[in-house]
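Peer 1: The chain contents come next:
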Amino acid sequence: MRRFVSRTAGLLLTACALLAVPLPVRAAGQDPPGETATAALPDEVGALRREIETLRRDYEGRIAALEARLHALETGPVAAPAAAPSPAPPAAGSKVFNPDVAAIGNFVGAAGRSPGGGEPSLNMQEAEISFQAVVDPYARADFFVTLGPDEVALEEGYITFPTLPGGLLTKIGKMRDAFGKVNGQHPHTLGFVDRPLVSRNLTGGEDGLADAGISVARLIPNPWLFLEATGQVYQGSSEVFQAPTRGDLAYVGHLRAYQDLGESTNIDLGGSIAYGHNGVTDDTTTRLLGVDATLRWKPLRRSIYTHLLARGELTWSRADVASGSLDAVGGYGYLEYQFGRRWTAGVRYDSSERAYAPGLRDEGGSFILTYRPSEFSLVRAQYRRTSLADIDRPANELLFQFLYAIGAHGAHPF
Amino acid sequence: MRLPSIAALAVLACVPRAGAALNVVATTEDLADLTRQVGGERIKVESISRGYQDPHFVEAKPSFILKLAKADLLVVVGRDLEIGWLPPLIQQSRNSKIQPGADRYLDASLTVKILEIPTGQITRAMGDVHPLGNPHYWLDPGNGRHIAKAIVDKLSLMAPADAAYFASRYADFDKRLAEAETRWDATMAPYKGVKIVTYHRSWPNFVERFGLDVIGYVEPKPGIPPSPSHTLDLIREMKAQKVKVIVVEPYFDLKTPNSVARETGGKVVVLAPSVGAEKEITDYLQLFDYDVNLIVSAFKETGSR
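Heads up: the protein sequence lines correspond to chains A and B, in order.
The first sequence lines up with residues 1 to 414 when you count with my numbering.
The second sequence lines up with residues 415 to 719 when you count with my numbering.
No lab work stands behind these hints: they were computed from the structure.
A hint or two may mislead.
[Unchecked claim] What follows is a list of derived Cβ distance ranges for each label pair:
{"#": "1", "chain 1": "B", "residue 1": "L646", "chain 2": "A", "residue 2": "Y138", "range": "49 to 59 Å"}
{"#": "2", "chain 1": "A", "residue 1": "V379", "chain 2": "B", "residue 2": "D586", "range": "24 to 34 Å"}
{"#": "3", "chain 1": "B", "residue 1": "R676", "chain 2": "A", "residue 2": "G407", "range": "38 to 48 Å"}
{"#": "4", "chain 1": "A", "residue 1": "Y138", "chain 2": "B", "residue 2": "T596", "range": "43 to 53 Å"}
{"#": "5", "chain 1": "A", "residue 1": "L398", "chain 2": "B", "residue 2": "L646", "range": "32 to 42 Å"}
{"#": "6", "chain 1": "B", "residue 1": "N707", "chain 2": "A", "residue 2": "R341", "range": "26 to 36 Å"}
{"#": "7", "chain 1": "A", "residue 1": "L147", "chain 2": "B", "residue 2": "K656", "range": "34 to 44 Å"}
{"#": "8", "chain 1": "A", "residue 1": "W297", "chain 2": "B", "residue 2": "G717", "range": "38 to 48 Å"}
{"#": "9", "chain 1": "A", "residue 1": "R341", "chain 2": "B", "residue 2": "R650", "range": "21 to 31 Å"}
{"#": "10", "chain 1": "A", "residue 1": "G324", "chain 2": "B", "residue 2": "P514", "range": "35 to 45 Å"}
{"#": "11", "chain 1": "A", "residue 1": "S237", "chain 2": "B", "residue 2": "N672", "range": "54 to 64 Å"}
{"#": "12", "chain 1": "A", "residue 1": "P165", "chain 2": "B", "residue 2": "T537", "range": "36 to 46 Å"}
{"#": "13", "chain 1": "A", "residue 1": "R342", "chain 2": "B", "residue 2": "G717", "range": "34 to 44 Å"}
[Unchecked claim] Here are the simulated DSBU-like pairs of lysine-lysine, each with C-alpha atoms no more than 35 Å apart in a straight line:
{"#": "14", "chain 1": "A", "residue 1": "K181", "chain 2": "B", "residue 2": "K511"}
{"#": "15", "chain 1": "B", "residue 1": "K669", "chain 2": "A", "residue 2": "K298"}
{"#": "16", "chain 1": "A", "residue 1": "K95", "chain 2": "B", "residue 2": "K669"}
[What the hints assert, rightly or not] Here are some of the chain B residues that sit facing chain A, going by a computed Cβ distance under 10 Å:
{"#": "17", "residue": "G454"}
{"#": "18", "residue": "S463"}
{"#": "19", "residue": "V472"}
{"#": "20", "residue": "D494"}
{"#": "21", "residue": "G515"}
{"#": "22", "residue": "R518"}
{"#": "23", "residue": "Y519"}
{"#": "24", "residue": "V621"}
{"#": "25", "residue": "E622"}
{"#": "26", "residue": "G637"}
{"#": "27", "residue": "P642"}
{"#": "28", "residue": "T645"}
{"#": "29", "residue": "I649"}
{"#": "30", "residue": "T716"}
Just so it is clear, CB atoms sit at the ideal spot from N, CA and C, and this is done for glycine as well.
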């Protein structure tokens with residue numbers, strides 16, 4: 001397992017690096033002039049013939065255009081298309097270049113017996129402030145600042161170069177790692193109040209795997225499906241990875257495959273790998289391996305009224321400690337169904353061992369009901385039953401959440 | 415002898431080879447068809463959304479990223495219609511040509527007549543308002559002409575060798591559109607000033623063009639689903655003003671419109687907001703043929719005048 005994982009990580013990163021090399025650009029639609037310029041007489045005759053043909057085509061085109069214009073004049077004055085009655089309204093002076101600003105409030109309440117370390121009864125869990133704008137013709141920047149009950153943190157803050165040569169979508173800054181699905185999601189885009197147990201036990205809890213680094217993603221051209229490979233290098237400073245020295249970087253590789261199965265249904269598959277020092281001793285490391293699968297169904301005609309989403313994620317962790325290495329595995333399964341314009345119901349099953357106590361397996365299950373008064377707010381209730389491995393009886397809890405957004409209209413999550 | 419032939423070859427080298435047709439992606443089927451009308455077989459064009467889909471809520475599927483990655487030109491409705499889904503697609507397309515503000519990003523709304531541009535303070539208490547004006551502007555055939563003109567200008571810049579071809583296609587489209595407009599105007603003429611109700615604010619350009627009068631909406635506010643109290647108010651208002659026709663887009667639920675129609679003795683008409691909303695609507699002219707015929711027969715049936 002150990003050797004396999006590190007070798008796979010190496011392979012994946014090498015693959016990413018190889019893919020990063022820009023493919024030679026094809027000189028589209030141009031004949032190589034060198035070959036034909038030195039041709040003999042018959043070729044010259046052919047060339048002349050083509051020259052005449054070009055001229056003829058050119059003139060025919062011009063005549064057709066003139067005829068068309070004449071015809072348009074003859075058929076009488078239709079509304080003159082040259083008029084531009086409504087140019088884009090001018091935005092107010094100095095504010096033009098202000099970034100898009102939005103704030104999202106996330107209020108979470110909990111009732112029932114806590115399984116230990118659970119959510120407080122009433123909690124303004126966070127306010128997320130985002131600033132997003134284009135930097136210059138080459139880049140855009142996104143900042144997400146979270147204000148928690150007792151901390152202010154940069155959740156994410158990065159610059160994106162969307163159009164680098166070679167099709168490399170490059171991000172530099174603090175980011176959520178491209179490890180699986182749920183790790184990359186901000187709390188307000190999750191279908192549930194809490195993160196699954198596997199996030200808590202294996203991939204860094206509420207903050208998740210997030211770190212300062214560089215991310216490069218490239219589409220892998222192929223005739224069958226959407227395939228994207230992402231390679232990331234991080235400082236090694238997160239809940240899971242702690243670099244003892246400057247040279248001990250953390251690495252993440254992610255491969256995503258997506259395919260439409262008709263206009264309503266699609267499937268989304270991912271494989272992730274992460275590697276870095278875990279800070280137990282100076283040379284111990286942790287390797288994570290993850291797979292995720294999502295099936296979505298949303299009929300286009302009824303798209304605002306119904307959809308179905310089924311998702312599963314599995315994560316394997318191998319953490320070295322001084323005395324050897326510890327293996328743990330965890331995952332969740334989630335099903336979500338929208339049964340009205342404003343109503344969505346969901347169910348989630350969690351099971352996860354703990355990274356540094358692999359014998360202990362926590363289990364949980366949740367029913368979730370979400371009501372959306374509009375696109376910009378939601379109210380959610382979640383019944384959660386948790387059986388922690390080191391606590392005798394299961395905990396039954398009711399969580400509820402109010403989420404509300406003001407400011408710039410963000411993109412809908414997919 | 416040798417020099418002119420080299421020059422001829424140089425000219426030839428600049429002419430795009432047959433088969434290297436421009437690849438156009440449009441966000442809606444209306445824009446895709448207008449592009450097809452002027453581009454003919456010298457371009458390839460695809461639409462991201464379908465005509466029977468709510469264009470505010472298209473999903474940003476990765477398969478669309480692949481389409482955008484290969485696009486030579488992107489034509490968008492603009493006015494924030496696509497704000498919920500297009501920006502992440504463009505960003506992930508890795509295509510520098512079609513980024514907003516770039517040369518091959520064509521906002522079709524810049525040369526058309528836009529209605530309902532809000533003045534003064536706007537807030538989301540008004541629902542999902544579009545601060546840049548109503549984005550359903552393609553439902554005025556006059557605007558369709560402006561859009562086609564903007565597209566033909568752009569295509570001609572991109573493929574100068576085909577400019578004459580595009581110009582003649584545009585002239586032909588212009589002529590057919592003008593003829594059709596005369597026909598639609600004549601059909602609609604007897605119904606000038608007829609009062610109707612619509613589900614969403616999708617039709618201001620359509621009703622202005624044909625002189626109809628919208629007295630209310632099934633939605634209490636744009637993007638907000640029907641509420642019982644608003645529905646009762648609407649029924650009262652329709653009865654008071656003797657309004658009989660309720661226009662609904664194909665992607666909305668018919669439950670509330672149907673019950674309003676029952677209460678008021680009116681009729682629900684599912685009009686096509688876009689090309690492709692119904693199978694038989696395969697181009698921009700058929701879109702208006704379909705809608706004009708359907709609404710006129712509803713007017714006749716309900717005795718609206």
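Peer 1: Against which earlier hints does the structure fall short, listed by number upward?
Peer 2: 2, 7, 10, 16, 17, 22, 23, 24, 25, 27, 28, 29 and 30
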